[in-house]
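Chains S and V supply the protein sequences, listed in that same order.
When we follow the working numbering, the leftmost residue of the first sequence carries the number 1, and every step to the right adds one.
When we follow the working numbering, the leftmost residue of the second sequence carries the number 251, and every step to the right adds one.
Heads up, some of the hints might be wrong.
Result set (DMTMM-like, lysine to aspartate or glutamate): computed pairs, CA atoms no more than 20 Å apart in a straight line [unchecked claim]: (1) K88/S - D500/V; (2) K253/V - D28/S; (3) K253/V - E58/S; (4) K161/S - E254/V; (5) K88/S - E576/V; (6) K602/V - D105/S; (7) K170/S - E770/V; (8) K88/S - E584/V; (9) K3/S - E584/V; (10) K3/S - E497/V; (11) K482/V - E529/V; (12) K88/S - E497/V; (13) K582/V - D90/S; (14) K253/V - D56/S; (15) K582/V - E66/S; (16) K748/V - E621/V.
Simulated from the structure, these hints should not be mistaken for lab results.
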Amino acid sequence: MQKNIILAGVGGQGILSVAYVFDNAALDAGFFFKQAEVHGMAQRGGAVQSNLRYSDVEIHSDVIPEGRCDMVLAVEPLEVMRYWHYLKPDGWVVTSITPYVNIPDYPEIDTLLADLAAFPHMVMVDTGHLARAAGNLRSQNMVTVGAASNLLEFTEEQLLKHVEGLFARKGEKVVAVNRKAFLYGRAAGAFFRALVDGGLDAVKAVKLCSKIKPETMAVALAPAWVERLRNDEALLDTILESGSDVSAES
Amino acid sequence: MSKEILLGDEAIGLGAIHAGISGVYGYPGTPSTEIFEFIERRTKKKGDVHAFWSTNEKVAYEEALGMSWAGKRVLVCMKHVGLNVAADAFMNSALTGTNGGLVLAVADDPGMHSSQNEQDSRYFAQFALIPCFEPRNQQESYDMMLEAFEMSEELAIPVMVRLITRIAHSRSAVTTQSAHPQNPLNPTKEIKRWTLLPSNARVQYAHLTDKQPELLKRAENSIHNELELRGKRGVISCGLSENYLRENLDEDHDLSILSIRQYPMPAEKIRTLVEHVDELLILEDGYPLVENTVRGLFGLIGTEVKGRMTGDLPRTGELNPDLVREALGLPKLETAHSHTGDIALRPPALCKGCPHTDSFKALNEALNTFEDPQVFSDIGCYTLAALPPLEAIHSCVAMGASIGMAAGAAHAGYSPAVAAIGDSTFSHGGITPMLSAVQQEVNLNVLILDNDTVAMTGTQRSMSTGRALDDIVHGTGIDPEHVRIIVPLPKNHDENVKIMREELAHEGPSVIIARRTCIEAIKGH
Ligand SMILES: Cc1ncc(C[n+]2csc(CCOP(=O)(O)OP(=O)(O)O)c2C)c(N)n1
Ligand code: SF4
Chain S
1 MQKNIILAGV GGQGILSVAY VFDNAALDAG FFFKQAEVHG MAQRGGAVQS
51 NLRYSDVEIH SDVIPEGRCD MVLAVEPLEV MRYWHYLKPD GWVVTSITPY
101 VNIPDYPEID TLLADLAAFP HMVMVDTGHL ARAAGNLRSQ NMVTVGAASN
151 LLEFTEEQLL KHVEGLFARK GEKVVAVNRK AFLYGRAAGA FFRALVDGGL
201 DAVKAVKLCS KIKPETMAVA LAPAWVERLR NDEALLDTIL ESGSDVSAES
Chain V
251 MSKEILLGDE AIGLGAIHAG ISGVYGYPGT PSTEIFEFIE RRTKKKGDVH
301 AFWSTNEKVA YEEALGMSWA GKRVLVCMKH VGLNVAADAF MNSALTGTNG
351 GLVLAVADDP GMHSSQNEQD SRYFAQFALI PCFEPRNQQE SYDMMLEAFE
401 MSEELAIPVM VRLITRIAHS RSAVTTQSAH PQNPLNPTKE IKRWTLLPSN
451 ARVQYAHLTD KQPELLKRAE NSIHNELELR GKRGVISCGL SENYLRENLD
501 EDHDLSILSI RQYPMPAEKI RTLVEHVDEL LILEDGYPLV ENTVRGLFGL
551 IGTEVKGRMT GDLPRTGELN PDLVREALGL PKLETAHSHT GDIALRPPAL
601 CKGCPHTDSF KALNEALNTF EDPQVFSDIG CYTLAALPPL EAIHSCVAMG
651 ASIGMAAGAA HAGYSPAVAA IGDSTFSHGG ITPMLSAVQQ EVNLNVLILD
701 NDTVAMTGTQ RSMSTGRALD DIVHGTGIDP EHVRIIVPLP KNHDENVKIM
751 REELAHEGPS VIIARRTCIE AIKGH
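From just these sequences and the hints, can you work out the full model?
Right, dumping it as structure tokens:
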């Protein structure tokens with residue numbers, strides 16, 4: 001077994017915290033791992049990435065070769081595009097759909113999402129929505145950890161232990177927010193896939209997820225939603241236009 | 251024994267602590283900064299390792315040499331271009347030799363992720379005639395430190411450990427050992443060795459050259475220089491590039507491989523390999539040092555040497571597993587998605603609310619009465635003002651160069667000669683050219699961007715900020731009327747433009763200090 005993950009985002013979004021959680025989980029699990037990161041100039045709001053590799057046999061290169069990447073995990077949707085040519089044929093993209101716009105020529109978000117949605121092995125989560133619900137917009141990075149966790153070799157407990165460890169210094173409240181962010185991300189990632197696997201278009205699926213109360217998301221409820229949206233074409237627009245979030249159970 | 255997750259830089263730091271250092275010296279610089287910071291953090295409680303950033307790399311090297319002179323082990327660390335600044339002390343320390351073990355950890359930046367060039371420090375080790383280790387992973391970074399200190403003490407010679415960005419900033423688990431105790435204070439008794447008058451220096455240089463066969467012998471027999479002969483195609487990999495090679499090979503490959511991680515180059519092992527193969531690919535991050543040496547001026551008879559000089563690998567930039575794969579003649583791996591062209595770039599930028607933004611907005615306006623004004627500048631966060639939207643500075647060469655270059659341009663008749671320099675860069679390399687300019691009464695304007703910290707490299711403590719900076723500036727002998735202090739804030743914009751215009755109009759040296767604390771530094775404290 002070997003997993004190669006490219007973590008992508010913008011300087012300041014907390015890519016290195018994402019790496020911290022996976023590094024420590026990999027060490028606990030007895031895997032070999034290497035994780036190359038970017039320090040210095042690019043951290044000032046530039047595009048940053050980290051190459052994370054873990055394996056049950058020795059790892060050579062600190063950087064992931066083109067064609068050997070199992071997952072691009074992005075805290076920002078545009079950043080996926082810089083790295084997805086590294087993905088192996090059955091590789092996955094797990095991405096936030098919340099844009100971080102700090103450049104004048106940021107692409108039109110709907111076009112961007114449509115481009116991403118066309119990729120079959122895709123998990124999209126609205127990290128802005130989920131992090132806000134968890135209590136702090138800055139926990140978007142932990143949302144992506146949760147969303148990716150469904151596809152990795154670690155248990156929920158193994159990862160949560162290090163989410164907690166990472167924020168312990170900042171006090172119980174911050175720990176609680178980030179725990180929640182992780183769990184919401186984990187639920188939202190699974191719910192999104194269940195919708196898409198049930199036949200719902202990926203853009204519609206993620207838009208729906210953006211309006212659902214994260215604490216109510218459950219894979220078992222997805223088929224009913226696919227069914228309802230299929231039967232009622234106007235339903236999604238009605239939900240998107242309404243001011244408040246809906247429960248997945250409703 | 252315990253296991254820790256460490257960056258390559260941190261592994262170097264922990265290796266040095268466990269080797270029993272009494273001090274660490276350095277000046278920040280990506281990708282080397284985390285070596286010092288780790289040691290500082292790790293030893294703070296116990297307080298038994300002197301760890302205080304130096305004003306520049308030359309000072310750091312000299313402080314380290316003094317600690318070695320006193321019999322203690324010491325680490326000095328810097329980025330590759332920092333070694334240019336420290337070069338005078340460094341080169342001569344090879345002649346004086348060491349008393350307590352002295353190791354120089356220098357981090358090169360192939361690919362120029364955060365640097366002005368990609369010079370290769372292995373040339374400096376060769377130039378100074380000292381040994382050099384080049385770890386390929388985090389464990390080796392740790393282990394080699396112990397070895398480097400032993401060697402430095404045993405042979406009384408400074409030892410270099412060369413890192414590159416890719417190992418400096420990559421993490422893995424490292425198994426650590428128990429710590430070596432620190433050396434007692436034991437100043438050298440060999441006065442002549444440390445007094446490089448020509449008569450002594452000749453003796454010392456002969457000692458240094460006499461040490462060379464021993465250094466070569468050690469490299470030949472080193473476990474870090476591994477030769478495995480298989481088929482007729484050969485590869486020499488230096489340091490970390492071996493990882494890129496192995497990434498592309500199966501266990502039963504038929505290449506003959508020499509991995510080099512300790513210098514001077516193991517000549518016998520290279521000869522054995524060359525005689526065994528028909529074709530030789532050389533992999534090294536940085537300059538083609540081994541490649542050019544092996545090929546020589548005229549090439550090898552009977553063996554084709556391939557590498558950066560032949561176009562099999564790019565002449566410049568960082569290596570990676572894909573480039574090595576191509577050079578090995580292996581097909582590209584299949585991918586799920588092809589490269590998306592023309593993705594909007596996301597260059598680094600000054601933080602929101604950064605004091606430098608307000609300083610440069612004012613400077614841009616103050617200069618708008620001149621035709622195409624060019625501003626000499628320097629290295630730090632403020633270098634980002636070269637990019638849109640500010641586009642306020644027009645040079646960045648070497649720490650402190652803004653002032654010297656502005657003076658030279660002024661001598662040539664260029665006006666207005668404006669230099670913009672950060673507070674830490676000023677103490678690093680700006681004080682001496684400032685003194686020169688004041689004493690020569692050059693017509694130049696120096697804008698010192700005092701944000702109270704060394705921001706670019708992570709908000710370390712600055713040596714010349716606030717009062718200390720003002721005193722240094724006045725100490726050059728400048729007319730106090732032409733030392734002005736402004737607070738770069740949007741509400742002061744008009745006032746600041748006015749002050750700048752007044753000083754631009756003045757014939758002679760003037761200094762404007764723009765003083766406001768960096769936003770990141772405020773957050774961090
Ligand atoms: C010789 C050398 N040493 C170190 C560096 C790394 N370096 C680049 S900028 C900088 C600090 C700049 O600090 P300051 O001048 O105060 O500017 P600020 O970043 O705070 O705006 C350092 C240490 C370098 N480029 N060259
Ligand atoms: S770190 Fe400080 S000096 Fe650098 S851009 Fe940000 S606010 Fe400005």
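How the hints compare with the structure:
For the proposed pair K88/S and D500/V, the alpha carbon gap of about 19 Å is at most 20 Å, so the pair holds. As the CA atoms of K253/V and D28/S are separated by approximately 11 Å, the hinted pair is consistent with the 20 Å bound. For the proposed pair K253/V and E58/S, the alpha carbon gap of about 16 Å is at most 20 Å, so the pair holds. Simply put, K161/S and E254/V have alpha-carbon atoms about 17 Å apart, close enough for the 20 Å limit, and the pair holds.
For the suggested pair K88/S and E576/V, the alpha carbons sit about 18 Å apart, so the restraint of at most 20 Å is met. The straight-line distance between the Cα atoms of K602/V and D105/S is roughly 18 Å, inside the 20 Å bound, and the hint therefore holds. Taking the CA atoms of K170/S and E770/V, the gap is near 18 Å; set against the 20 Å cutoff, the hint holds. Proximity of K88/S to E584/V is assessed by CA-CA distance (about 7 Å); at most 20 Å being required, the pair is judged to hold.
In summary, the hint linking K3/S to E584/V is supported, as the alpha carbons are separated by about 17 Å, within the 20 Å threshold. Our distance criterion of 20 Å between C-alpha atoms is met by K3/S and E497/V, whose separation comes to about 14 Å. Of the supplied pair hints, the one linking K482/V and E529/V holds, its CA atoms being roughly 7 Å apart against a limit of 20 Å. At roughly 15 Å between alpha-carbon atoms, K88/S and E497/V fall within 20 Å of each other, so this suggested pair holds.
With a CA separation close to 16 Å, the supplied pair K582/V and D90/S stays within the 20 Å bound. Between the alpha carbons of K253/V and D56/S the distance comes to roughly 17 Å, so the proposed pair stays at or under 20 Å and holds. Pair hint K582/V plus E66/S holds up; C-alpha atoms about 8 Å apart against a cutoff of 20 Å. Under the criterion of a C-alpha separation no larger than 20 Å, the hint pairing K748/V with E621/V is consistent with the structure, at around 18 Å.
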